[in-house]
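Participant: Build the full structure now, drawing on both the sequences and the hints.
Residue numbers (our numbering): 99 to 334.
Treat the hints with caution; some may be incorrect.
[To be verified] Label pairs and their calculated CB-CB ranges:
no. : residue 1 : residue 2 : range
1   : Lys101    : Asp239    : 37 to 45 Å
2   : Asp209    : Leu100    : 38 to 46 Å
3   : Lys151    : Asn177    : 12 to 20 Å
[Stated by the list, open to error] Each computed DSS-like pair below joins lysine-lysine, with the alpha-carbon atoms no more than 27 Å apart:
no. : residue 1 : residue 2
4   : Lys212    : Lys101
5   : Lys197    : Lys212
6   : Lys197    : Lys250
7   : Lys153    : Lys102
8   : Lys301    : Lys250
9   : Lys185    : Lys329
10  : Lys197    : Lys101
11  : Lys151    : Lys197
12  : Lys212    : Lys153
13  : Lys188    : Lys329
14  : Lys172    : Lys153
15  : Lys151    : Lys122
16  : Lys212    : Lys185
17  : Lys151    : Lys172
18  : Lys122    : Lys197
I should point out that these hints are in silico values taken from the structure, not numbers from a laboratory. Just so we're clear, the structure is a prediction, and the values are computed from it rather than from any experiment. Each residue gets a CB set at the ideal place from its N, CA and C atoms; glycine is no exception.
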Amino acid sequence: MLKKQLILRDPLSFLGYETDETEKKGNFGAVTSRAGVGKTAFLVQIAISSLLKDKNVLHISIQDPVDKVNLWYKELFLNLTQNHDAKQSKQLWEALLAKRFIMTFETESFDFSKLISRIDELRTQDIFVPQLIILDGLSLDSSMQPELNQLKEYAVKNNFTIWFSVRTHRHQSDDPVSMLRQLGGKDNNLFNMIIQLLPHKDKIQVKRLSIDREMNERPPLLIDPSTMMIKETTDK
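Facilitator: As structure tokens, this is what we get:
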């Protein structure tokens with residue numbers, strides 16, 4: 099019962115994403131914002147929702163150690179379950195941990211071939227077979243286009259989706275779609291799901307964007323920065 103109630107608070111569902119988008123093998127998602135707005139917290143909420151749906155989640159951090167990543171999960175799960183029975187919540191948390199694996203890289207030592215090799219090791223040794231991958235802290239630029247295309251092909255072949263954090267900068271437009279189009283090359287086919295986080299008064303605005311700009315008019319949602327949870331209503 100608790101699990102079903104929490105699944106209803108899936109942030110991707112709030113944004114109108116369908117299962118055939120969020121669980122399609124090879125799909126790439128991007129959570130974009132300037133530094134410090136909440137990309138990691140939002141990615142962790144996506145991960146927790148997938149865990150609740152019995153998906154195996156591999157969280158890869160390029161910036162934080164394992165204990166810090168785990169703390170994000172603990173805090174956001176506590177915020178998600180604060181109005182529910184504590185004993186049930188603890189039991190559910192312990193069950194979810196079996197379906198999550200955290201992997202870290204030093205920024206200087208990261209490369210895509212090493213990433214694929216480590217995922218292969220987990221899979222071939224039956225240690226962990228991911229269905230969703232979170233890739234947080236990687237600085238993406240257009241020079242990575244061949245590697246990103248290779249990673250997308252690898253994701254299609256091995257049946258998982260990948261969500262990235264994408265940092266934008268003050269000198270760039272508030273619209274990250276142009277940057278993601280550059281990453282996608284002439285076909286613009288890398289990123290299938292795009293979410294933008296923007297500071298908005300005392301809240302954080304959450305916008306669903308698309309390479310196809312015709313979809314950019316969907317009304318935004320609001321996040322409470324004190325909990326990083328999506329508000330049930332967007333009333334001011």
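Participant: Does each hint hold? Answer for all of them.
Facilitator: Now for the hints, and whether the structure bears them out:
no. : hint                        : in the structure
1   : Lys101 x Asp239: 37 to 45 Å : 39 Å, holds
2   : Asp209 x Leu100: 38 to 46 Å : 41 Å, holds
3   : Lys151 x Asn177: 12 to 20 Å : 19 Å, holds
4   : Lys212 x Lys101             : 35 Å, violated
5   : Lys197 x Lys212             : 23 Å, holds
6   : Lys197 x Lys250             : 22 Å, holds
7   : Lys153 x Lys102             : 14 Å, holds
8   : Lys301 x Lys250             : 34 Å, violated
9   : Lys185 x Lys329             : 25 Å, holds
10  : Lys197 x Lys101             : 14 Å, holds
11  : Lys151 x Lys197             : 10 Å, holds
12  : Lys212 x Lys153             : 24 Å, holds
13  : Lys188 x Lys329             : 24 Å, holds
14  : Lys172 x Lys153             : 18 Å, holds
15  : Lys151 x Lys122             : 15 Å, holds
16  : Lys212 x Lys185             : 40 Å, violated
17  : Lys151 x Lys172             : 18 Å, holds
18  : Lys122 x Lys197             : 19 Å, holds
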